[in-house]
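Participant: Each chain is listed here by its residues.
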Amino acid sequence: MSTIDERLTPTVSLAPATPVETAPRRAARPVLGFLQRVLLSDYFILYLTIIFFVVASASFPTLSAPGNISNQLSNMWPLLAVAVGQTFVLILGGIDLSQTSIMAITSVVGALFITQTLDAPTFDKSPLWGTLISDKGGILAGNPNAVLIGVIVMLLLGTLIGLWNGFAITRFKMAPFMVTLVSMIFFSALALWLTASRNVSGLPEDFLLLGKGDIVSVYFGPKLTPEIARRDILPLITYPFMIAVGLAVAGQFILSRTVFGRQMFSIGTNRRASEVSGVPGSRVIMLVYAFSGFCAAVSAILYSARLEIGRPSLGDGLLMDIVGAAVIGGTSLFGGKGSIKGTFFGVAFFVLLLNILNAMKLSPFVIDATKGIVILIAALLDITRTRLINREARS
Amino acid sequence: MNINIADNIALVSLPSFASKMTQVIRQRDMVTSAGQVAGQLQLKSGNIVEQPAKSLSGGNQQKVVLAKWLLSKPSVFVMDEPTRGIDVGAKYEIYSIIDQLAASGSGVLFISSELEELMGMCDRILVMSRGEIFGHFTREEFDQEAILRAAFREHGNGSNGA
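Protein chains in written order, with this note's numbering: chain A, 154 to 548; chain B, 10 to 171.
Hints in this document: simulated from the structure, not taken from any laboratory.
All figures in this text were calculated on a predicted structure; none of them were measured in a lab.
Where is the CB? At the ideal position from N, CA and C, for every residue including glycine.
Hints are supplied without guarantee of correctness; some may be wrong.
Under the rule of at most 30 Å between Cα atoms (straight-line distance), these lysine-lysine pairs were calculated in the DSBU-like manner [as the list claims (entries may be wrong)]:
id : chain 1 : residue 1 : chain 2 : residue 2
1  : B       : 100       : B       : 77
2  : A       : 326       : B       : 63
3  : B       : 29        : B       : 53
4  : A       : 514       : A       : 524
5  : B       : 77        : A       : 326
6  : B       : 63        : B       : 53
Covered, in the sense of this in silico footprint (three residues per stretch, anywhere, with C-beta under 8 Å from a C-beta of chain B), are these stretches of chain A [as the list claims (entries may be wrong)]:
id : region
7  : 406 to 418
8  : 421 to 430
Construct the complete structure from the given sequences, taking the supplied hints into account.
Facilitator: In structure tokens form, the structure reads like this:
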């Protein structure tokens with residue numbers, strides 16, 4: 154009993170905690186240590202992209218032509234916008250398969266609202282013919298605020314579908330994979346049904362500006378004539394650039410600086426433990442899926458404006474690019490890890506990869522297979538990196 | 010818990026480190042406060058901003074859990090088996106922390122299945138058996154045999170042993 158009594162009079166020694174060695178143990182061989190540092194760096198994919206670009210430019214000179222670079226940059230922005238949302242969901246340890254069909258449905262609905270002309274023989278098979286749409290266009294045709302209202306409708310629709318996903322996942326405790334898979338199938342079918350499988354054209358000029366309006370353009374080459382042909386002017390900073398990068402910066406800020414961001418990482422690492430620690434798990438999850446839907450809608454606006462149509466098959470085949478870009482950028486499919494910065498590099502890497510594969514004139518099947526292999530390698534790399542980081546933490 | 014120690018400790022009280030309007034975290038405040046609590050508990054760790062909590066020993070992980078709630082300054086603690094699965098040294102430190110908490114005016118409800126630890130720590134012991142309180146002992150009445158008797162529902166023990 155004496156030992157127990159001793160506890161009653163605590164003799165707390167307030168000696169400072171012995172400092173523990175924090176510097177990671179360097180690998181014995183310097184080359185290995187260097188490789189390990191590069192592999193663990195946040196900028197690993199950026200280095201890889203640059204090396205890739207330089208090497209590939211040597212064999213395919215078109216790659217570094219200003220026209221190509223400008224074109225590839227414009228390919229990046231809509232993908233970046235949607236990948237930001239996917240990154241958020243992946244950090245939670247979930248996945249949003251419905252993003253592509255959210256893009257399709259928002260593209261179609263937005264276009265049907267604001268289109269100025271519709272061809273009767275093709276669209277009279279649509280269930281909306283005669284009520285919301287007619288041969289005079291959508292319900293907002295001729296309305297001075299058509300574009301503004303149309304964009305708001307698209308964003309709202311995307312957010313609501315995302316919110317529904319989040320609600321089903323948290324309220325009914327369904328697997329994110331299942332919920333978003335059902336949403337994907339449902340909304341892509343709905344998009345096809347509403348438009349009778351047709352692309353919706355005749356969008357107002359103001360809307361199209363969102364896809365190609367440029368703020369800073371550059372012209373390379375000699376000035377032979379006083380008028381420079383439009384196709385020779387290369388847009389560098391465009392509206393899509395501003396919108397997508399704005400979204401990405403906001404996303405990075407939320408992730409790294411706000412309470413919400415910390416709570417996301419915490420839920421992604423261990424939902425149960427986070428909820429025990431007072432994190433409002435369901436609320437955070439619902440908001441993240443809503444944000445994912447919002448990002449998909451932004452991306453749909455950029456794509457629709459660029460293609461100048463509302464397209465029911467807009468996001469088809471894009472899912473692999475979205476998840477791939479996020480995973481290559483270091484976001485873990487197991488949750489709790491990821492950054493928008495990484496996703497940005499991942500998007501750049503993916504667009505470049507696609508560009509190179511196209512320049513090699515490979516068949517679409519080979520290109521898809523290559524994309525799959527690259528994502529597989531990225532996932533393996535993620536596991537290796539995690540193992541290395543854990544080993545450093547233990548040593 | 011792949012998350013670093015500082016974020017882990019601050020998780021419960023995160024909103025108190027953020028401005029109300031923007032929800033932006035004051036990182037420096039957060040790390041300082043987490044560091045203070047970690048120091049108070051003599052958490053044996055490296056850099057709390059870099060080291061993941063899962064690399065700590067069991068006892069130190071338990072201290073991280075304690076630190077989380079200490080930081081949020083509650084007036085009552087409910088501790089369910091706070092010393093399970095940790096070594097003797099860390100156990101002793103946890104006991105000291107609990108004593109300090111009690112001394113500073115917090116109420117502590119200490120749940121345990123280890124009789125010695127309860128008899129050492131508590132002012133009062135309530136014995137639960139089959140979903141109801143079956144024995145009530147104050148410090149002077151602590152007796153290993155009597156408490157065990159109550160736990161096995163043998164009558165006539167404790168001051169008001171049902």
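Participant: In ascending order, which of the hints set out earlier in this document are inconsistent with the structure?
Facilitator: 3
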